[in-house]
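Asker: Chain residues, written in single-letter form:
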Amino acid sequence: MRKTKFITGGAVIAAALAYMIYAGVTQSAVYFVTPAELRASAVAGKAYRLGGMVLPGSVTWEPRTLALHFTLGDGTATVPVRHKGTPPDLFGEGRGAVVEGTWSADGYFRASLILAKHSEEYKAPHDASQAGYKELIRTLQGDGR
Amino acid sequence: MIPELGYGAAIVALVLALWGAVTAALGARTGRPALLLSAQHAALAVFVLVTACFALLTYAFLTFDFSVRYVATNTNLGTPFYYRITGVWGALEGSIILWTWMLGLYTLIVILRHREGARELYPWVLTVMLGVLAFFLLVITVAAPPFARQAPVPADGRGLNPLLEDTGMITHPVALYLGFTGLTVPFAFAMAALITGRVGDAWITLTRRWTIIAWYFLSLGLLIGGWWSYHVLGWGGYWAWDPVENAAFMPWLTATAFLHSVMIQERRRMLKLWNISLVILTFSLTLFGTFLTRSGVIASVHAFTQGTIGAFFLSFLALVLLTALGLLAVRWDALHAQGELDSIVSRESAFLLNNVLFVAATFTVFFGTVFPLLSEAARGVKVSVGAPFFNQVNVPLFLALIFLMGVGPLIAWRRASFDNLRRNFLWPVLVGVAAAAFFFSLGVRSAIAVLVLALTVFVASTITVDFARASRARVRLGEPLLPAMGGLLRRHNRRYGGFGVHLGILIIAVGVTGSQAWSVQTETTLRRGEYAELAGYRVRFEDLTASEESNHFKVAGAFTVSNGRGLGVLRPAKKFYPQETSPIAYVDYRLGLREDIYLVLGDFARDGSQATVKFQVNRLVSWIWIGGLVLTAGAVLAILPEKKKAA
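Chains A and B supply the protein sequences, listed in that same order. Quick note on the numbering used here: the first sequence kicks off at 1 and runs consecutively. Quick note on the numbering used here: the second sequence kicks off at 146 and runs consecutively.
Just chain B, same shape as in the assembly (with noise of 0.2 Å):
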């Protein structure tokens, strides 16, 4: 009864967004405010079924109703409580729904903050978004339906992907996803602009700070996967330039893009028609990212079950595609520029340069993750690049990217004088100099690693330099040093907000780039008391001992670290899941702000005499996560509401 239930509320909600789409639609050409409000009325209802979609498949779960397809394969009668939860949006299925139901939620949101201020785009808006949704409703509804029930009903369910049995996976996901659908917001705004040819700027204004929120979302996310597949997946590693990855990667990498370019739209008044581009690239990237992860066209190490599913996604894209491209011809017209380009050295032509090279990126991307399909297609041959070919493309355009971090924010508009250069770039420039002197002193051999942190120290530098100058001014006018300086982040949040993020990716930078260039490892095979050495550590195996689980069994090594004293015992093990053909290692590590230690248990003797360890020091990646903390508090300084100047 309940998953019918469902599956009847799906379809409601399906056809009540493909009414209120409609209805807002034709409420803005009649501009009758009956249809209007019929269709607010469909939004609403809209979340409430999808909310009871939700609900009542996470019953499902509860209550281990196995004729329930997706809920028999994703959880067995071992899961814990609170992996029941979580498993509900474990797989293909259920993470449509939360997806969909997010989606609803920010219509919701839209809806109260946009009804009133923004009247002739607003109706289109809500056109856009219920269509969206109106898509994903019919993908739960046709494609990849949650509640469809099985016979004969099994006793047991397969379980939850054993891999997914984590806090990681509670909050990934959820991340993502509120990156992902918050994208559709500057995208309805795009599409409203372009439909009613009001593409000036009140759509870049009004979507602004929705952007940020999207973005930071989508941030997060990509560095909760990280942090997931650094301790959950045991390679030590936190990115492999997997299509899975990747596919969240590109849409970053434009709305990243579009964060900055909307500032030279808003101050210049250029750039309107690559700005609606990028908002519409964004937006089908998510698409295109699902479609790539769900529709199995490439393998991928997240191998998540296919269907016909991938064939709904790539006719939506194509539909939306081809929608904006038509508006975007038709509007051809308005969308040129006013202000036109001054000079090569100016804040606007860093801006453009900056857009340039986070597209150039998310193009190399997205030719290095279909490219197993372009030669198939093209030689029959199927040839794949990995990741030197990633790493190679990309470094040097994230170099780029980081020197134009600190020119950015600094440099004048218009055309940038001698002495504004001097003035803002002269102590910084020396400064990211002698750091890189200083590290190659200290022995620093690698030309990447020097120019990373020399930048760096450079970038920190312009962000000092130009907070200092501020505070300076504020105290010159009275104001004591404290609260000028909290003044200046509050007044001019979005400006500081945007620093702090700048800082994050700094820090995360030199996180990246030292695991990358001095992390150390050795893999090895230990009897009871013999150790392995490895960067001035000291690893000993002393025992092995199995134990049961309340879904598992689990095989745990003892191993003593110490580096002259003692450090404490690792862990590491291996759980088997009955329903797993292989067990599923359990990393276990020792964080510190230097290095971790990070043990993976490999094979062992099933009398306990020896196990095989793969042994690592992971240098400085606790500073990619320290950066995720930093990102967030610079995120949050600018998704704050803008202060009114005082009169």
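Chain A extracted, bound-state conformation (with noise of 0.2 Å):
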């Protein structure tokens, strides 16, 4: 009698469970795709992550409003995206990125989320750019006093 009341509690809450996880990847689930593959069966409002190589030469980036346009590419597609806000630090033309976000039925993916991937291989100091950093310091002193 205990026993079976002890069971079926045990029943409720693993029932309970299972429907909360369910419902939470069925409202949650983001999926991946390449340009190629969100270009051949994007559905308008469904939530995808995106990656791919952010087209040399199609970023553009309005500072006042922070519209940040850009395109990503696979090789065989091209995705045009649509970001408000700062492109993130490790984003630049040229590299991979991942955005996360929905298919508009205006023709173009809005990114709510932009993760720009990390390269890991190892790579020596650059003199070349260190030089542009003194440059940097250099305008900005002469500007600042």
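Do not rely on the hints blindly, as some may be mistaken.
[Stated by the list, open to error] For lysine-lysine, the following DSS-like pairs were computed, each having C-alpha atoms within a straight-line distance of at most 27 Å:
# : chain 1 : residue 1 : chain 2 : residue 2
1 : A       : 3         : A       : 46
2 : A       : 46        : B       : 699
3 : B       : 699       : A       : 84
[As the list claims (entries may be wrong)] Examples of chain A residues lying across from chain B (beta carbon under 10 Å, computed):
# : residue
4 : 6
5 : 10
6 : 21
7 : 73
8 : 82
9 : 92
Worth flagging that the hints you see were computed from the coordinates, not collected in a lab. What you are looking at is a predicted structure, and each value in this text was computed from that prediction instead of being measured. For every residue, glycine included, the Cβ atom is placed at its ideal position computed from N, Cα and C.
Relying on the hints, combine the two individually framed chains into one complex.
Answerer: Rendered as structure tokens:
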């Protein structure tokens, strides 16, 4: 009798958990796609994580409105992406990027989040850009005081 | 020469650890003290050798020995002295050495504390600890050798990951690893109990404080990780349900369940099988976590380097699980409970439910973390579930756990009478309901926020009721109030230490809820002299300055903050490291009890005329760190040796 109660209780908890997990997955599943896969079967309003390369020359950023536009490509297809915000530190033309968002019926990808890819490989310190930083410091100091 | 010495030391340590594990087992079987003594000496030698490895690697860092690949990838000539030391455990190879060193330290302390007291279990405990040590030494010598040389020797190293140049990076891994490795101790005792067939309460009584200590360090590690994320990563959050975070959170959940379930075994002789399984699960999850984060099977923002190491951990995990399950099967009959549950309304069932919920939360986190792997294997599509999934499923579980936090410690054992319930819970429930009404009338409309606040008040009231009642009883016996309270804390340190930890968790829950519900942010580009306004604060962009630091260049914006009166200048920056292709954001903030002002510098014009800034007002976040301090006080109280009851 008591045992039945506990078994029933356990079953109720397990069922509730299973339902919560099921609902959670269906509501927050994000599909990983490449530009070609997205082009092949884009459903407007569905959540995607789109990974590709930021095409050189495609990035425009308007600091005042924070409108960031660029194109992601994978060699076979390209997808125009729009985002509102500052380009993240790791973001750049010719580099890999993963964006999260939805496909808009107007023919572009509306990114709510940009996850730029971090390259792990060993790199020797590059002197050329150090000169660039020194130049930057000079400009800022000359202008600032 | 130095690297070869380190490599040699690791190999000798590996051989000795295996030798010690075998001799301890033989000693247990034959009962010959000489064998056990030999195993102890081996454990001591292993510790000394691992210490030597650690020292030699540190030396290689301090002397910039770039012929060692690990040194070259994690330091360079510009790395400040301080970070050359912490850089030793800044990446995989060194962190495994740190891990092994701590495990060796724990093994020594176990020898010192338990070689007299636990004669039957002790030799097997030593076998298991040394066996685990041998595995990690195998990783050091084969899978991830920190002393591996490279040729040609570069003139300068790559440098430490700039994100790790932070004080949090010394304390975070140290605390986390002290927690992870500490969990090996209860695991070793549980295995010893299974091997010897002494599955009674001895192993639980012996490991009680060990578990609390390991649990505390794990909690501390998680909290420091959150703090590091908050003040270094610059996204304004402290927890992202990232696989690496989940990897540390899962053993924390099961260890917490275990801390509670042992109390039922001690008191009612129930849940033997469950307790042993929880310890095995907890230990396995620490290995699984390392596998998950180090194998690269799941992409993570933490992005550690990978290698064959994943296969090593997976194999060892399989070995541990198979051995443990085999032993469980052998001892199945002995593991049957003696006590039985009497009623649903009892402390046993409150604790049982607590355990079910903790394990459910663990499963949820596990499921969500490996979901991309599952979906790819099952359907061939890569699907991930993010923070919304974890929040959606876990928040109800955590709310129920907070509720039980109030119920569990006060409800009667076996069967709670109506009187017991009324006596303990009438006032706390009324106060909790009043609190809900109060916060609602203040304009709090988020249902979760109202619930958390009301539950917090409810649980805090139960603790107050309990403590006040116990103090009053002592005052009636003629003690003055303050000594009565002090004596109570000291005499029942485990109980009140536990309450202290509960209070800490409550405060953390309020901080998390507040920051989730009420934080606001904006992002904007400002010209010099322009300002942005948010939540009553005004942030004005003054100017941009650049400077050359020892190993990087820094561009900092100056922003004056005011809310009617001046609140000072914040200087968020971007740091440009020569070895990195991208700049690293450097957050600046003004912490407060009510809210933090948090600024992140985005893009800027090279002439300094304008800058883009992310401006956040994060509510109640400080309470998470304050809760961590309260939790620490509670844990320290609970860890104190129990005072012998006066005759």
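Asker: Hint by hint, say whether it matches the structure.
Answerer: Hint by hint, here is what the structure shows:
no., hint, result
1, A:3 with A:46, "46 Å, violated"
2, A:46 with B:699, "41 Å, violated"
3, B:699 with A:84, "26 Å, holds"
4, 6, "7 Å, holds"
5, 10, "7 Å, holds"
6, 21, "6 Å, holds"
7, 73, "19 Å, violated"
8, 82, "15 Å, violated"
9, 92, "7 Å, holds"
Of the numbered hints given earlier, the model fails hints 1, 2, 7 and 8; all others are met.
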